[in-house]
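Undergrad: The lines below spell out each chain.
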Amino acid sequence: MNRIIVCVKPVPDPKHWDKLSMDPETKTLKREGIPNIMNPLDKHALEAALALRESHGGEVVLLSMAPPFAKTTIREGLAMGADRAVILSDRVFSGSDSLATAEILAAGCRWIGDFDIVLCGNQSIDGSTAQVCSQLAEMLDLPNVMHVTGLEESAGDNLIITQKIENGYVKLASGVPVVLSVRKEINKPRYTSFAGILAAESKEITMLSNKDLCVDLERIGLVGSLTKMAGLEVRKSERKKEKLEGTIDDIVEKLVERIYQYGVIEG
Amino acid sequence: MEFAFTEREEMLRKAVREFAEAEIPPRMEAMEETGEFPMDLLKPMAQVGITGIITPPEFGGVGMGYLARTIVLEELGRVCGAFPMALQVHHMACAALNDFGTDEQKKKYLPRLAAGETMGVTAITDPSGGSDLIGMKTVAELKGDKYILNGRKCFITNSHLADFWIVIAKTGEGAKGLSAFIVDKDTPGAKLGRKENKFGLRGANTGELVFDNCEVSKENLIGQEGEGLSVALKTISETGRTGMAATALGILQAVYEETGKFANERVLYGKPIGTLQAIQFLVAEIYTQLDICRLLNYRASWMKDQGMRCDTETGMAKYYTCNAAVEAAKKAIEIHGSYGIMKEYAIQRLFRDAMVTVPAGGTAEVAKAGIGRAALAPFKKR
Amino acid sequence: MDKKRNRDVWVFAEQRNSELHDVSLELLGKARELADRAGGKIAAVLMGCQIRGISRTLINHGADTVYVADDPELENYRLLPYTHVFENLIKEHKPDIVLVGATAMGVELAPRLAARLRTGLSAHCIDLKLDERGDLLQVVPGWGGGIVATIACPDHRPQMSTVMPGAMRALMQEERKGKVEDVPVDLPDSNMGPEILEIERVVAGEQPLEKADVVVAGGWGVGNEENWELLEELARLLGGTVGATRPPVDEGWAREGQMIGQSGKTVRPTLYIGAGISGAMHHVVGMDQSKHIININSNPDADIFETSDVIVTEDFKKILPPLIEKIKSRIGKR
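Protein chains in written order, with this note's numbering: chain A, 1 to 267; chain B, 268 to 649; chain C, 650 to 983.
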């Protein structure tokens, strides 16, 4: 294994989400004053990369499309054990939807070059579209697998991948390079060690702007986002308190619907 | 004078907090019941760097200093005080070896402590009184090139969890009459005594060690014969006091958080009780005490890191924080009303835990005597 | 954008082992509503091997056309072959809207397809509407459900969405007219992605309470050990774990380790179902972080209802047996 890229996203800490407010004019969310954490699933992706490096060598590089102040969150990834980090930061990136983000990340991956695996978390806790893995892979013209809960190396640089689907698992054999996104069941991320924190202080963080990546401006930022925001509403996180009425049969029918909607039983 | 933490310190705090919040709570019920320390966490803590925090890197530690150590112990104590209590004694063993040990001794024992292969123990207190070290009755008589150890040590944290102990024993009379020894657990004549049953900080193992004609080689002397009092006093005043103070600081932080949550949840007269001034006054007192103790703790450990003499400051941090934690916990229980005296709620445990920190590691009175002397010293007439 | 575009709505008909996922039928129901308003037709896209027979069901649920790509290469879902076939179909027929269920398969396939077609895709939609111009408004949750956003894709086609199972309603099944069009499958020689080694079906086992995705909890109102069995059966059926308040533990219907609350465990499942629970504060603090909360208690004033998303003020003994049967028959279809 030569190089594994791990895409990480700094996201506002959920412990402070009650401070989120919406700007009524621009219809965007105001995130100021809310500290960032690493997207939880990205930690699992990083752990998977570190585990592969331990058994098969190689370099683990963090890649993030993020504003400059996200450096602290990225340094946590270095403290966990990544070798270096590349942050893609430019005002023209802001407002990017998942497709535009995938363009930018793809450019970042190409800039880093010579990689075997790109690992991501299945989705982020804020936007949670879960679209970046497949779209990034498409831009890089590489195969991709989502919902990964198991990852092993077999002969050569080949991978045995376990993918979780409804009601079961699929085992796949893949060559490299490949783009993968993981579910939390894949592993328990290691705790950051103090030695790691000290080592992270001298690890390289490269900041790149679009001057370095040269992505077509038509394909990034608000301009390059083919999906547009037509409305935004903050929902109060209160319990719905929906009372089910009717005969026992009616009620049971509705209960089954709800249970199905919650994703607990498969349709 | 800067009152902010560095990015390194913030990352350190975050790393310990994550570890502590995930790994400790599932074990706490068993700890309360059995009084046993969860040894399965020792190696994971070593991997994080907790056991070797003050041990130099060449001996397997991370050598991050005492301010870092205070942050680590505080964060552990915020979740469960038994943890920093056990670890701070472990660090005392590391400090004694590091400050007074020979290179061979350091190479032999420090890496094992840093790697979490064993808990560290400093067995100083005799039944004759920890406050009166010169009066101890445990003797080490030199016979040829071996010392014969006879006596008992009590109230020893980690006594039953260690592969070797650092034992202070009497080799002569007066202030130069004590010596420090490394005693391996399997040495004939060295025995584990009874386990103590504390009413707080349960889960920090506390017990007795018994020495019955126990032969200890001269090579196991730490420092010179007669240097034992210095070893004990330096280790206690620099490492022990800051350790217990940080433990109490973590507990005090937990008291504050429990109180804040409860005051906002508990409704009386249609509103959370946190809207009542009477409660606000009590919480203000808790909050102010917490801040005072943080400053005392951080300043004392900072001084130690600068190589400054700091036994007065560590004494103040220790006696003040432990007492403040008890007082805050008492107020918090009252804020909780009858919920405060129910075992289901954490606040009663925090009260008990805080109370145990008061005599552990040195009484307030011994500390105050030293502080008083130091405070009066500038005014002494020549 | 080509102004002469049609207003056709396509639905991806997801099947595994020749079993159609319900979401496909739900999407056909919505597609009918959208297409009728905009004056378009509906098609279902069905891929697999020896699955042509499913077309009848799709037509009876509203599809005007079913495009069937039936080929051994497509027997088991693989991302790149399915994307290739779907891409060619879309490029040939140019539908206005393409809907895919937000399932494990859909969530992987739709973004790849959207990127290949260079069009916009919204994820996990809970609602779909048309604006005055007949363009699709896609309603999606974000920030753990704390935000609801409306997304549009004004300048690119097709407009694509992955849609949450259960968000839409299928039409009543009835004999309808529709046509089946066979699609030739010609996969390129290039790398078609990972090879499938094995597909394993697994029934979810019981998880420890703190990790459980589904919790079925009982309180004093359950009444006796025999009734407690109902909760255990429901939990088994849903792949969940049983929890309790203090009284059932004291009575011996549940173990100490199953207690949820201040002095017990804290649970954070996707679904918490409570039966016969009053809702004292020291239990609620152990479960109020559950994503969805259903409570059944014959006492309409039970405190627990303040912390519930779905409230049933009936005796749980009347609800659980038929609920168990209904879920069994729903799952049994697979």
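Quick caveat, the hints were computed from the structure, so don't treat them as lab data.
Note that the Cβ used here is the ideal one computed from N, Cα and C, for glycine as well.
One thing to keep in mind: the hints can contain errors.
Capping the alpha-carbon separation at 27 angstroms, the derived lysine-lysine pairs in BS3-like fashion look like this [claimed, not checked]:
1. 860(C) x 171(A)
2. 184(A) x 404(B)
3. 914(C) x 240(A)
4. 374(B) x 404(B)
Examples of chain B residues toward chain C, derived with CB under 10 angstroms [unchecked claim]:
5. 290
6. 294
7. 384
8. 439
9. 530
10. 533
11. 607
12. 609
Undergrad: Tell me the hint numbers this structure goes against, listed in increasing order.
TA: Violated hints (numbers, rising): 2, 4, 5, 6, 7, 8, 9 and 11; every other hint is consistent with the structure.
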